[in-house]
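Student: Residues per chain are reported as follows:
2 protein chains.
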Amino acid sequence: MRQSKYFLKTSKTVSDEDKLVSARLLKQAGYIRESVAGRLFFLPVGQKVQQKIIKIVKEEMDAGGAQEMLAPILHPLELWKETNRTSTTGFELMKVKDRRGAEFALGGTAEEMLVDLVRKFEVSYKDLPFHLYQFSSKFRDELRARGGLLRVREFIMKDGYSFHVSEEDFKVTYEQMKKVYSRIFERMGLKTAIVESDNGYIGGEYCHEFIVESKEGESRYFTTEDGAYAAHEDIAKFIRHREKGGEEIKERQDVEGVGIIGVEELAKFLNIPVEKTTKTILFETDKGQVVAAAVNGLYDINEVKLKHAVVCVDIKLASPEVVKKVTGAEVGYAGILNLSKEVKIIMDESLKGRQNFECGANKTNYHSTNINFGRDLPEPETFYDIALAKEGYVSPDGKSKLIEKRGIEVGNVFQLGYHYTNLMKGAEFTDQDGKQKPYYMGCYGIGIGRSMAAVVEKYNDERGIIWPEVVAPFKVHLLALKGAEAEAEKIYQSLLKDGIEVLYDDRPLSAGAKFADADLIGIPYRVLVSEKTLKEQSVEIKKRSSQESKLVKISELIEQLKM
Amino acid sequence: MRQSKYFLKTSKTVSDEDKLVSARLLKQAGYIRESVAGRLFFLPVGQKVQQKIIKIVKEEMDAGGAQEMLAPILHPLELWKETNRTSTTGFELMKVKDRRGAEFALGGTAEEMLVDLVRKFEVSYKDLPFHLYQFSSKFRDELRARGGLLRVREFIMKDGYSFHVSEEDFKVTYEQMKKVYSRIFERMGLKTAIVESDNGYIGGEYCHEFIVESKEGESRYFTTEDGAYAAHEDIAKFIRHREKGGEEIKERQDVEGVGIIGVEELAKFLNIPVEKTTKTILFETDKGQVVAAAVNGLYDINEVKLKHAVVCVDIKLASPEVVKKVTGAEVGYAGILNLSKEVKIIMDESLKGRQNFECGANKTNYHSTNINFGRDLPEPETFYDIALAKEGYVSPDGKSKLIEKRGIEVGNVFQLGYHYTNLMKGAEFTDQDGKQKPYYMGCYGIGIGRSMAAVVEKYNDERGIIWPEVVAPFKVHLLALKGAEAEAEKIYQSLLKDGIEVLYDDRPLSAGAKFADADLIGIPYRVLVSEKTLKEQSVEIKKRSSQESKLVKISELIEQLKM
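Residue numbers (our numbering), protein chains in the order written: chain E, 1087 to 1649; chain R, 1087 to 1649.
Bound-form chain E, shown alone:
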């Protein structure tokens, strides 16, 4: 491609909004442009990269036995109503009406569409498992879009859906897809952590995100030094502080302590260690259930974990009115003692086995100390995991400490189980016994634009992008300096003839301008033709990823590039 004819315009100016390296570089180098916030053009050179990523994903998905298809972008809204997803998607759905009044959702994910497609066929156990996937535009009505490709409102996603006779059969595909995904990202030059994640309203244990470590990432997760454990902050487990036990049971006291805020201050005031204090927080669910969540004062509450413990779609802090009503006290003195029966009490594992602990007295200005299970309140049947993991906490295997990391989620795999097949009538196969049974499902996503951004976040320097060859828009950036145009043209033709992807900078610009653009655009091999190199019948080859350059005879250039 001749650069003089290519719609590739680099820019020296940087928008203040583009704080992300990938956003800044991809725009400056002419790969992407914003239409409006969160909706992007892929310019020709950017579309080339996008297609190379798609090609890698397709090759590996096909090799893994998945089958590409394509669903409409507009989904009949009735389908989303069938699964109650019009309001509980976790992302804001966009809806549109046609002129006959039919309502549609702009596809965010396609579970309902795929189930609706498959249920219209007669499916036998012999047909299962199968795995259908597509590359298509997805829509998310995000409140805030981030610059570049990391959080957008419209993007190409590879979304796949697998259908199985059983959970057991699903597990096989699930483990295989984890390998397929690792290979996909590895081929792009991305090292991914496979991070246990929250499966939202679907639940279940099979849910992993593929995360590229990056300070710019929006995903926070925890790992251990040996890498054996990796879990998203929403679900990360850790081992709680345990009392030795065997204490002498002391007499309960209700101590007056006006306006004391925070467990440290309270512990000091009561002259007890912080680990003897308790945090009790009151919540309300989307269905109006009041919940008292209690953790050892050492910890904080994780609302995602709490939602799962309560089994609800949404939860928020209770209003001061509700707190007063159920505790009989002002906010700040809630405890797990003598709460009205309508309150559901959820105790964290960190409360298990405690003796002589403090908790709010449910009486304004009062704190109860030396509380004990059995005497002051019944010990619950179940203690839950509702505490927030933090760096330095003991890892679940007890052998090391949690390390906090941030990263970019580029893919995810998770079970759908029977969630959709139970909600959607007729989503069944005929089993060996002749009976109709719902299929068990899995789901697998990869963000194409995000993967592109993650590659740039990882491969860049102060001068520009440094594409790994496999996703680079071109292999070679051929630069003709003044006086060397005729020879450069010959080299350009011979590279084309040999099927080497080459961008030929044939513009009448200074060497400096061409070098700067080449570094910014980031094509792996820069091949320079100048009067100086021609004196030795040579060109200068420089890898974008390296500082060194070398002279290579023109006659050996293609051989060199193919090595």
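Think of the hints as simulated: they come from the structure by calculation, not from any bench.
Watch out, some of these pointers could steer you wrong.
A pair holds if it fits inside one copy or across any two, identical chains being indistinguishable in the list.
To be verified - DSSO-like mimics (lysine-lysine), calculated; alpha carbons at most 27 Å apart, straight line:
1. Lys1544 <-> Lys1138
2. Lys1648 <-> Lys1144
3. Lys1511 <-> Lys1095
4. Lys1212 <-> Lys1600
5. Lys1167 <-> Lys1183
Note that the coordinates shown come from a computational prediction; the quantities given were computed from them, not determined experimentally.
Once you have looked at the hints, place chain R on chain E.
Tutor: Coordinates of chain R only, in the frame set by chain E:
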């Protein structure tokens, strides 16, 4: 691909609605499925065909110097307002609002988006021309969808937009793209007529549709026997009947003729030839202008031509009230005599040079005869082409007669000229003289699904589809009959190893069922492995397009297939 694992389900039943061969066969053979009317799933085997078509289009577009990019599907509605296209698109636009209240159009075509993209860059005359194109989902809120892929509400279109310094420069690209398009369709096995068409509100002489002749097509056009002329019915020209002239000017008469309907009846009643009668029809434009359109009684009026003559966006028959008001007579007696001044009179070329002709008297029950220009009404400065072409009329070159044809429009190319660049502020380039000038534009579309349907309409028989190899989902359909599975498996592996695209029917079905499916699906080469063929270390090869089959040694199979 193993058919037992492939989501490819053929069906024996035919929906009553699928009257189109392509719709019926593509559904029965498992290529496409409807989500709702006009919105289709491409199943894995169908998506393969779609991608092969896309690949051909991409290769030829790239070879023609066009550059692939990708625009968002949601277009800011302000852009469409800038060009007054929210209501005048010729197709019903779908609109959607996001949760911040921003309005978007679901892309129908992308002129505004591309101009908006390009105008945000500094463009110099040195950058021009360039041609940007994309493959993306387009939305049309069609009132009626037709079964299959011919008239749908959502489809993948290749749309391209070229930018030029001048009309002259555009013409070069335009002629080149006509060649590119012919090659694209030729590669798919489609012979296309390049048919002059109506360029709607854009106007101008450069507008052609690529039409595959088919009885099922929705496009009606006219050609001549030698093929030198091809024009869409909307604009087809023809040579009018001409009077010899030199008649003696007769006295005008107003003849009473109550309730006479139609020119034949009138001619008989007045005892004159039909060619002496005149049809005068009253219309109203979208802006309320009343128009009297007149043609020789031999012809009918073409409303598309009339719109261009009047220069308006929309036109419809005038209401009886309006007719009464401007003619002073009941409907049926309108003429071009003594009309009130607010009426715009448009006379067809067929009125030129007439003498002693009849026309409505603008007086209930009366017809005027022996009307002559100059004496009874002024001769207009311009006669227009507003008559409808019909089969058998004399072709524009006067040498032959028009032949009426129907076909499927698979692509179109047309000038946008300065239409968008004049309406969109800042859509300019810096010319050699340093001045800012609007760019001249062209536009080029191909319907991918329509092309697929057109191929099936052309290549099929009573048993199913007969894919041309270049767009076939697989090259080989390998059928294993009972007892030959082990050997078939070996052949399958060796074909895969050799990179031959093969669908392997490994299902435990009867030979008859496999043959029927193979014929329906339409893969070019059927390779049969049975105990009988194995006795001769052979397989049987049969081309789908031929009745003959032949035995080929297994050792020579790959060589044979590569021939």
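Student: Hints first: check each against the structure and report whether it holds.
Tutor: So, going through the hints one by one against the coordinates:
In this assembly of identical chains, the alpha carbons of Lys1544 and Lys1138 lie at most 27 Å apart only when taken from the same copy (17 Å versus 34 Å across copies). Taking CA atoms no more than 27 Å apart as the test, Lys1648 paired with Lys1144 passes in both settings, with 25 Å inside one copy and 26 Å between copies. For a Cα distance limit of 27 Å, the shortest separation of Lys1511 from Lys1095 across copies, 21 Å, qualifies, whereas the shortest one inside one copy, 53 Å, does not. For a Cα distance limit of 27 Å, the shortest separation of Lys1212 from Lys1600 across copies, 17 Å, qualifies, whereas the shortest one inside one copy, 60 Å, does not.
When the C-alpha separation of Lys1167 and Lys1183 is checked against a cutoff of 27 Å, the pair qualifies both within a copy, at 15 Å, and between copies, at 20 Å.
Taken one by one, the earlier hints all hold for this structure without exception.
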